[in-house]
Structure formats: structure tokens, C-alpha cells
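Participant: Each chain, written out:
Protein chains: 2
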Amino acid sequence: MQNCPASPPSRRDLLALIGAVAGSAAMFHAMTALGFASGSGYKGPVRLDGDPKGASVLILGAGLAGMTAALELRRAGYKVQVLEFNGRPGGRNWTLRGGDRFTELGGATQTCEFEQGLYINPGPWRIPYHHHAVLDYCKRLGVALEPFIQLNHNALLHASQSFGGRPQRIREIKTDFQGQVSELLAKATQQGRLDEAVSKQDKEMLLQTLKSWGALDRDYAYRANLVSAEFRGFAKDPGGGLDAAPLPGEPVALSDILKSRMWRYLQNFALHEFQTTMFQPVGGMDMIGRAFAREVGDLIRYDSRVMRIKQDDHGVTVTYADAKNPADPLQTTADWCVCTIPLSILSQLPLDVGAELKAAIDAVPYVSSVKIGLQFKRRFWEEDEAIYGGISYTDLPIRQIAYPNTGFNRSGRGVLLGAYLFEGANAYEFTALAPAERVARAVEFGAAIHPQYGAEFENGVSVAWHRVPFTLGCAGSWTDKARQEHYDNLCRIDGRIVLAGEHASYLPAWQEGAILSSLDAITRLHERVVKT
Amino acid sequence: MQNCPASPPSRRDLLALIGAVAGSAAMFHAMTALGFASGSGYKGPVRLDGDPKGASVLILGAGLAGMTAALELRRAGYKVQVLEFNGRPGGRNWTLRGGDRFTELGGATQTCEFEQGLYINPGPWRIPYHHHAVLDYCKRLGVALEPFIQLNHNALLHASQSFGGRPQRIREIKTDFQGQVSELLAKATQQGRLDEAVSKQDKEMLLQTLKSWGALDRDYAYRANLVSAEFRGFAKDPGGGLDAAPLPGEPVALSDILKSRMWRYLQNFALHEFQTTMFQPVGGMDMIGRAFAREVGDLIRYDSRVMRIKQDDHGVTVTYADAKNPADPLQTTADWCVCTIPLSILSQLPLDVGAELKAAIDAVPYVSSVKIGLQFKRRFWEEDEAIYGGISYTDLPIRQIAYPNTGFNRSGRGVLLGAYLFEGANAYEFTALAPAERVARAVEFGAAIHPQYGAEFENGVSVAWHRVPFTLGCAGSWTDKARQEHYDNLCRIDGRIVLAGEHASYLPAWQEGAILSSLDAITRLHERVVKT
Chain C
27 MQNCPASPPS RRDLLALIGA VAGSAAMFHA MTALGFASGS GYKGPVRLDG
77 DPKGASVLIL GAGLAGMTAA LELRRAGYKV QVLEFNGRPG GRNWTLRGGD
127 RFTELGGATQ TCEFEQGLYI NPGPWRIPYH HHAVLDYCKR LGVALEPFIQ
177 LNHNALLHAS QSFGGRPQRI REIKTDFQGQ VSELLAKATQ QGRLDEAVSK
227 QDKEMLLQTL KSWGALDRDY AYRANLVSAE FRGFAKDPGG GLDAAPLPGE
277 PVALSDILKS RMWRYLQNFA LHEFQTTMFQ PVGGMDMIGR AFAREVGDLI
327 RYDSRVMRIK QDDHGVTVTY ADAKNPADPL QTTADWCVCT IPLSILSQLP
377 LDVGAELKAA IDAVPYVSSV KIGLQFKRRF WEEDEAIYGG ISYTDLPIRQ
427 IAYPNTGFNR SGRGVLLGAY LFEGANAYEF TALAPAERVA RAVEFGAAIH
477 PQYGAEFENG VSVAWHRVPF TLGCAGSWTD KARQEHYDNL CRIDGRIVLA
527 GEHASYLPAW QEGAILSSLD AITRLHERVV KT
Chain G
27 MQNCPASPPS RRDLLALIGA VAGSAAMFHA MTALGFASGS GYKGPVRLDG
77 DPKGASVLIL GAGLAGMTAA LELRRAGYKV QVLEFNGRPG GRNWTLRGGD
127 RFTELGGATQ TCEFEQGLYI NPGPWRIPYH HHAVLDYCKR LGVALEPFIQ
177 LNHNALLHAS QSFGGRPQRI REIKTDFQGQ VSELLAKATQ QGRLDEAVSK
227 QDKEMLLQTL KSWGALDRDY AYRANLVSAE FRGFAKDPGG GLDAAPLPGE
277 PVALSDILKS RMWRYLQNFA LHEFQTTMFQ PVGGMDMIGR AFAREVGDLI
327 RYDSRVMRIK QDDHGVTVTY ADAKNPADPL QTTADWCVCT IPLSILSQLP
377 LDVGAELKAA IDAVPYVSSV KIGLQFKRRF WEEDEAIYGG ISYTDLPIRQ
427 IAYPNTGFNR SGRGVLLGAY LFEGANAYEF TALAPAERVA RAVEFGAAIH
477 PQYGAEFENG VSVAWHRVPF TLGCAGSWTD KARQEHYDNL CRIDGRIVLA
527 GEHASYLPAW QEGAILSSLD AITRLHERVV KT
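For the record, the sequence lines run as chains C and G. So the first sequence is residues 27 to 558, counted in my numbering. So the second sequence is residues 27 to 558, counted in my numbering.
With the rest of the complex left out, here is chain C (with noise of 0.2 Å):
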């Protein structure tokens, strides 16, 4: 569905058949011929044809996995109920807006301050447009998008040790790495010194597209003009009337970009996973949470703790405690188990399994992360700076400051992520702060990118996820190497109990491998259930 219209649904079916029958090295060589642009895991809705025959499912989690099996397995017939720690549903598909309260682990609780209408996604923020199950999943639920800027060319990159700590404008960086690059270049083709590689025929057309690509001059050099400040941007813009001429201003010397190393941040804009057009949903992530929840809300079960997982040859049982009520468990059962609870609650969970599945539950460690929303009295990043959503990126230990994609042009207050760590250790670090001193760093550290975090800050409010108690940590962290050894091992149906989440699948700390990795699994449940 995804696929060029060019290429009728057969194509597909023989690359199946070429797969199984000589590897995924011939498929992909295969699928090259054909034309094929992108394969994706999601082929529109899930068909789970075939009689459950009146079997029950319980459904552990009720984030966007969980909501998509109960969704799924409701439609096909079987009889669904879903356990849920907390008060909501969504699980890592969270929006905190004012007035929210939450408290973390540790004991510390916060109350979002900010105004009506502001909000941050601690969790999952940006949608690829490539994530096609999230989309068609919002589709089908009514979620409106609206495009999440990752790249904004007047953003900022800021490294602490040059250009004496002041920012530079992306768009500068960006055009004047590439236009010396290319200049570099230009210069050794004309030299002959690339005619082992290049074909003459070639040479005279490569000479032209990088002076097209990195805004050369006719001489192939890259210099303070009109042609680079096309691309860079001016010193003094054109304008209107008398006097309105523009002036270009100076590149950044290829040698102080190198040094600055802000050439790492460049790669963000450029990865598949980033590229536009990317998308948010209109007023938080959570709407979609709230659109599964919407669906398939009367099957779940809130406040209640997963405890202990039991299955012999008839079922399943899992003991829980209702969070009002911990002193007294109570129990339920079902024919099968769907199982989306993260593998650092699990692996701490008594679990009916066999060994293989219990040492890839305790194979994957969970990323550290931590998210910092802060309000502040303007839009200052859009009145003073010119920066319209996007994100500005920092070696100091805030990483990230990203300004929102939504309500642009307007007056008054607006709140932005003050950092966003992932992995490494100034997550831990952070982590390890008390919620209040996060967001005092935040604002501290940001302060030397803006200036105006003094005068115009008002509150804020962090996400640890380490010290998240239905999570105690970000995602699944998947070496090569244990996914070598216990990738499909966690992914194979137990007895009664099948695996569901982002942390089985290949889009770790994605929702689309959430979604994706419940389809398979309850794809593969239908069939077992099914033929029995």
C-alpha cells in the first residue's frame, strides 16, 4: 500500500518467494530491480481471519502495543480484558499540560504549572512519515497531524569552546560546510587529481552540480558574495524602497567548523528517521493514546500492578494489585497473554517461561533519558530570534533546546523542551537530581544559548526515565550482539504468553515499533489459536 503505484501487489509475493527460497541478500538485490523504493512491516489493517473459537486474551499494558492487540483481537472475535498500572492509558504516549501531577520514583511529585493550551511530550514526540501503522492507525482513529520541524535552518548550534560560546545559525554551518566541501572538490577535479574516479565525461558535469549544490562563484570558490549568502543567508537581507540592497556576509572557515565539531549535529537533519515530513499530533501525543482509549477503554483495567504471571497447559493467571488496594491482590485468567510490560519491570516480575525467553527479558537494558519542559512569559526564541519551531542543538549537558511546532506567530506565553538527553551521562546525572534542581540546570545551561531564560522564565517541570515507575528507563537498548542472541527468542510465543512493545521490535523508543511488533504477535497468537 505504501509502494510505488507502479508496482502491482504480485511484485510482492515474488519477493517472498525469491526471500525464502534464496535469502535476504538475493531479496534485496531482487527488490532493487524491481523498483521497489521502501518496504514496510505494516500492510494496512491487520486480517486476522478464522474462528477464535471463543478464547480470551489478557492484555498486559495498555500503552499503544497494548491498546492495538485489545483493538485487534476485540474485532477478530476473542474475549479481551487489559491490566493497566496507571490511571490513563497510553503508557509511554504521554502529554503533561497543566495541572498534571505525577511523581516518580524516589518519591518526589510534581505539578505541571504550565498555562492552559502549553504541554510537553515527555515520551514519544515526532512521527516519521515513513511510520505508516502510526499513521494509519491515526487515520482510522480520527488523530489530526500537524508537521513536526526538526530541521530549522535558523536554529542554532552552540559548542561552549568556539566561537567564543556564541551560536551559530544552522543554516550557516550547513552551507558553509558544504560549500567548501565542495569548493575542496571542485578544486582537485579541475587539478585532474580525480581522474582515476571520475570519467572525463563525467568531469564537466560533476564541476557544475557542485558549483550548483555548494553555491560556487564562476571560479569554483566559495567566498563572502551574493551567491553563498543565497544559500547562508545575508548580512543585510534585500528589502523594499530606497537603500534596500543586500550585502552577504562572511563564511565560517571550513578549519573552525571542523574544530567546533558542530558538523556532528548535521547528521540529525539528514537521517532517514528525521527526514520531513515528519508529524506531531494537534494539542500532544497522547491524542492518540486517547483515540485507542476511546475504542477499547471499557477493556481496561486501570491502577492495577502486575505482580505475577503464571501459565500451565490450560492458561494463564496474573496476579495484580489494585493501586487503591495494594494489601489485597487479586487474580485473573485468560487462554493467552499478551505481554507489553516493559523488560525492566518484567525481568523483575515471578514469570511462568522457559529459559530462552527469560534470559532475553533480562538481556536488554533500558536507555536513560530525561526531558525538561519549561514556560517562559514570550515566545522570545520567535520574536527576538526567528525561530519558528525545530531544535538548536549544545555540548553542554541540556543537548537539545526545542521550540514548539505549534501556535507560531503568536503572542504570549509559550513553552519549550529545555533538554532532552539520550543516553550517555548526563542523563544519569540529571536523573539523579531532584526534580526542581533538573529544571534550575535546564535553565541555567539554556541561559547561555538564550540570554532571555533570565528575565523571562516562569516554571517547569522534568521527566527522568529511569525513575519513571511503569517504565525505569527510556527503551529497550539493543546491542548487535544480544540481538543476535535473543532478539527472536523474546519475540517467540511462550506456551500461552506472547511478547508486545517497542522492545520487540527494530524501531527501539519508537511507537511504531510498538505497533508494529503487537500486529506480529497477535498475528502469530491468531494462527496458533487458530489451528488448535
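Because the hints were derived from the structure by calculation, they are not lab data. Each statement offered as a hint is correct.
The list cannot tell twin chains apart, which means a pair is met if one copy fits it or any two copies do.
Here are the simulated lysine-lysine pairs, DSS-like style, with alpha carbons at most 30 Å apart:
{"#": "1", "residue 1": "K105", "residue 2": "K350"}
{"#": "2", "residue 1": "K285", "residue 2": "K213"}
{"#": "3", "residue 1": "K69", "residue 2": "K403"}
{"#": "4", "residue 1": "K403", "residue 2": "K165"}
{"#": "5", "residue 1": "K79", "residue 2": "K105"}
{"#": "6", "residue 1": "K105", "residue 2": "K384"}
{"#": "7", "residue 1": "K285", "residue 2": "K226"}
Chain C is already provided as a structure; the job is to place chain G on it using the hints.
Facilitator: Quick look at chain G alone, frame taken from chain C:
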């Protein structure tokens, strides 16, 4: 106001002084030295201090230039009246929706048949983030904005004579070009062929950078592997559950990219005027014109075609015809006149101005441009091809196919821009066709890129700007030579008349040029009025 917060306003004064004393070259060096990133001609709401002593101004044209002048001059205390050719405000700021009728030169009348809620903007359709004046008026007048996607990595490049005519994904051409160029440069660097140009110290860092930026593997090669796939996209996307490992696709050879000339389109994504974050008004570009008209609509006389402009020492007299009663011309007078009539029209009117201004008015030809909107039964570009917004480029006469940047991921009908010709022979060819024929050809050509056109097309509408009675062309087309000879003369006040509009700016065809030109014109006019 739009500059780095670290720059106190006094720098501007200093720069103006340097500019005045030592010229613009010295000024731009000083600007760079002082850390100025960008200097807009827009300094925030215009200040017209001083008493106009009851002076009256007649404004010709209720486009953005004219309405800006009306808004600000009335606020400054002038008696203002506006004559407008059309029966609506906005001029080229125009949106076509279902039910709209318009007649072009030659007499052909089209009625737009789009479904309610769907539209095209035949004139301006995007607002760069550095068009500070447009953005500020949007803010002051309450016009909501949403992102305009210029670069969609998953949109298409199409060269009829390359790749068997099969469209290529932008992300693949862009990544494969950048990767192979990086590989060439990395190899040359390793072989010591750049030793004159790159210091020993920078060499190692340059290699690291090229590896990161070019998606090179550990051997500094750009190949079919998961390194390149993370940037160009996968042959098989990473998925969830079993059999979910990703597979890379085969890069397009550099030589084939060069031959296809698809690289020409890459600069459309890098140019400052097209960089992220761009905007469009929610609901159509004419939301801006309508917002202005809410403020100054009471000053505008619609359906008024200017026939003659006279001036003497005492004032300006304009003869005009009412569209409903053209046989009985009317007259109106004022102390001063701001004339925003396009030069293509103005050059044909009897006009009392000096030889220099007259020569300037006659010196500027108008760009030819054609836009064609097409309605389809469904948003197949999203549903079949995962193209959400952005633009596909082709060497066919339609040049561009631009997908709607609103209503993403919805079911139901959609309208795309099926052709956007700007300059060149194709624009004239399409202008010469009858409206229905233009639409038919856009559908025929477009089907080479999107075969779904055949089954899904419903109706279309086309605007050929050289046939639009109120502009007779799209925008002023300045050469460097014409600008040198005539631009200042065009902008200078001639007696009691001053010109404004995009044609009197260094931002031809942009709304920002119209507004900045108008602000500059009324500022100078006001200075003159206050001094007399």
C-alpha cells in the same frame, strides 16, 4: 528585533554610521565583526511621528502594498482613500475555492469546482521565516500560520530521459549524491591530494566529518549497507516482531545522478528563501488580504479601474472607471498618491511623472507564470506513496507537482498544484492554451509521475498570470542592468506620487517586497509632508 539577543540596538546605529562614512563593503565587514547574523529591513511597526496636518493620500491598488499604506497612513492621521480594480482585496494575494469565478484576458471564464475546504493559492503560497514584515502583520492582524513543506524527502524527482522515466525519491538522490561526493573527497584526502588545501591538523577531522555527513562506512566508502540506508531509506524497513530486520537498497550511481541532471533541483531545498521554517496561512493565503481588509476595507472602493493619473503642484487627480458603469469615468483627488499598480499596467496609463520615473516604469518586463490546481477523488499521493506535502520536480513542462500542506493523512478528496511554471518557454506555451486545455495537459503530463491521475482526477482550474487583467504578468523581472539604471528612479518620490509594490523592492514576487517597499515609500512621503 530579529537579531541575536546578545546584540544591543546601539550596534545598529554604529553600523549605519560605518555604512554612511565608509560605504557598504566596510559595513558588511563591520557587521560580521560585530557578530550580526542577519539584518532585516523591517525594524518592527513603522513609526510615522509628526503631524500630517490634514493631508490626504490616494492609494491605487488594495494589494498588500496598498493596504499596508492605508493602514499605517490612516493611523498616522492622514485622510486615506483606496481604489482597487478587483471586487475583492488582496490583489495577487489570492485563493481559489469552490464556487469562485474569474475571467481572464481573452474572455475565458472559469468556475472553480473544488470541494468545500480545498483550495489553491494562484499567487504567493509560502512565507519564509525571515520575511519579518509579513509575519509581523500576520501577528498583529491575527492570521494563523502553519508550516509550508518545501523539502519533502519522500517526494519525487523525475527526468523523462533517465532511469527509464521512473521517478526517484528525493531522499535517495540527495543522499546518494552527498555520499558519493564525500567518498571522492575522503579518498583524495587520504591519498594526500588535498595536502596543499587542508592542513595536517584538519585532515583527520575532515575525514571524520565526511564519514558522518556522507554516511560512509569504516573504509570511507559509500555503499549498499545499513549505514547508507539509515540516511537514504531502506529496501525493507525495520519492523516489529519476527523477520523484522531491515535491508538496505542499492544506491544510485553518481554518474547516473549527474547524467539525469536531477541534482539541479537540490538547490531548491537549500536556498535561504526556501529554508525551513516556511509558513502558509491556515485556510489559504488570502487570509492575509482579508485580515488587512478587516482593518481598512472601509477605505477601499472596489471595481475601480484607474485610467489616468495627473498631478500638479497642488495635488493628484485620478480618473477611474467603475466596472459596472465604465462609460462614465469618475474622478478623485488627494494631496498625495501611493501608486501600487503593477508596472505592466502602469506603463500603459497616461501618467504625469518625470522622464526618469517614466523610463523606470517602462523598463521592467513581467515574469510569466502559470499555476494549475487539480482535484482528485482521494489523496493518493499520501495513501499510495507516503508523500505528505512538499514538492516533486520534473523536466516535463508542468515543472512541479506540489502536494497540500494541510489536512494531512485525511480520507476524502484532495487538491494538489498540478503545475507551477515560472519563467521560460513552457509558461508562455501554457498561457497560450485555453484554460481547459491547460488542465488537460497538466493531467496528461502528471500521469507520467503519478499513474493514479487517470483514475482519480475530477476537475481543475488554471491561472496564467499574463492573462490576469489586474497584473498582466506574475511579477517584475529585474535584470542587474535594469536595476542599476532604473531602480532608484522607480522608488524616488516624483512630485506628489510615490510607487510601491514588489516591483519596487529587491524581493520581486514576494509579499515581503510589497510590504517593505510600501513602508519605505510612506516613510519618505511622510517625512516630506511633515517638513512642508
